[in-house]
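Position chain B against the provided structure of chain A, taking the given hints into account.
Chains as they are written, first to last, in our numbering: chain A, 1 to 113; chain B, 1 to 110.
These are calculated hints, taken from the structure and not from any lab test.
Treat the hints loosely; a few may be bogus.
[Unchecked claim] Per the computed footprint, the stretches of chain B lying under chain A, defined by three or more beta-carbons under 8 angstroms from a beta-carbon of chain A, are:
1. 42-48
2. 96-108
[Unchecked claim] With a Cα cut of at most 30 angstroms, we get these calculated BS3-like pairs of lysine-lysine:
3. B:Lys-45 with A:Lys-44
4. B:Lys-79 with B:Lys-45
5. B:Lys-79 with A:Lys-14
6. A:Lys-14 with B:Lys-42
7. B:Lys-42 with A:Lys-57
8. B:Lys-79 with A:Lys-57
9. B:Lys-45 with A:Lys-57
10. A:Lys-57 with A:Lys-44
11. A:Lys-44 with B:Lys-2
Predicted, not measured: the structure shown is a model, and the values here were computed from it.
Virtual Cβ for every residue (Gly too), placed ideally from N, Cα, C.
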Amino acid sequence: NAGVTQTPKFRILKIGQSMTLQCTQDMNHNYMYWYRQDPGMGLKLIYYSVGAGITDKGEVPNGYNVSRSTTEDFPLRLELAAPSQTSVYFCASSRRDSTDTQYFGPGTRLTVL
Amino acid sequence: RKEVEQDPGPFNVPEGATVAFNCTYSNSASQSFFWYRQDCRKEPKLLMSVYSSGNEDGRFTAQLNRASQYISLLIRDSKLSDSATYLCVVGRDSNYQLIWGAGTKLIIKP
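Same shape as in the complex, but just chain A:
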């Protein structure tokens, strides 16, 4: 099993550009999450999903959008990129809610210039 995969690994955007970060899991997990990790800070939850067709905001959703059309895929959309969105983005999944182990993808390093 591949687990959780993310693409791209690295990306540089210009201010105002848009992009989609891809996330796919092959563990048939219902719960999926998007986090960002800034230097010296804990992971911050951007959006999460408890199943296909169901998404909800986390702590820091502004400037992002998500969709969950299938159990496997949970893409994160950045609209009108800003320097404040420079970060490392991790996608994760779990079988049950946050009391269960979360499995992470390798991350996407995004720089907005």
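Same frame as chain A, now just chain B:
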């Protein structure tokens, strides 16, 4: 006050020594507690869950003190491969969200 606080370190420890970290949390309603490990420029991976009665996994022991709202991690007989950042993670009462500490960096020296 941060919801989950950790000493950022680094803790520089000789191989074979015992090292302990603490983590404090502010939400007394939290019900789930974890230690994750994150290697440099890699994704976090679960090290162990933390149970009310305390639990052990090989060289690693985790303790929870609800009265004082802190979690501890003890590593015995440390190995070079234990060098990493250890993330303290606490579940909010909603069960959908975890609050992540910023991590404690551990460096094991030969």
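Now the hints, each set against the structure:
Coverage of the segment 42-48 of chain B by chain A holds. Counting CB-CB distances below 8 angstroms, 5 residues qualify, and the rule asks for three or more. Look at the segment 96-108 of chain B against chain A: 8 of its residues bring a Cβ nearer than 8 angstroms to a Cβ of that chain, three or more, so the hint holds. Proximity of B:Lys-45 to A:Lys-44 is assessed by CA-CA distance (about 16 angstroms); at most 30 angstroms being required, the pair is judged to hold. The straight-line distance between the Cα atoms of B:Lys-79 and B:Lys-45 is roughly 18 angstroms, inside the 30 angstroms bound, and the hint therefore holds.
Restraint check for B:Lys-79 and A:Lys-14: the C-alpha separation of about 43 angstroms exceeds 30 angstroms, so the hint is violated. With a CA separation close to 25 angstroms, the supplied pair A:Lys-14 and B:Lys-42 stays within the 30 angstroms bound. Distance restraint check for B:Lys-42 and A:Lys-57: the Cα-Cα separation of roughly 25 angstroms lies within the 30 angstroms cut-off, and the hinted pair is therefore satisfied. Taking the CA atoms of B:Lys-79 and A:Lys-57, the gap is near 40 angstroms; set against the 30 angstroms cutoff, the hint is violated.
Between the alpha carbons of B:Lys-45 and A:Lys-57 the distance comes to roughly 23 angstroms, so the proposed pair stays at or under 30 angstroms and holds. Restraint check for A:Lys-57 and A:Lys-44: the C-alpha separation of about 11 angstroms stays at or below 30 angstroms, so the hint holds. At roughly 13 angstroms between alpha-carbon atoms, A:Lys-44 and B:Lys-2 fall within 30 angstroms of each other, so this suggested pair holds.
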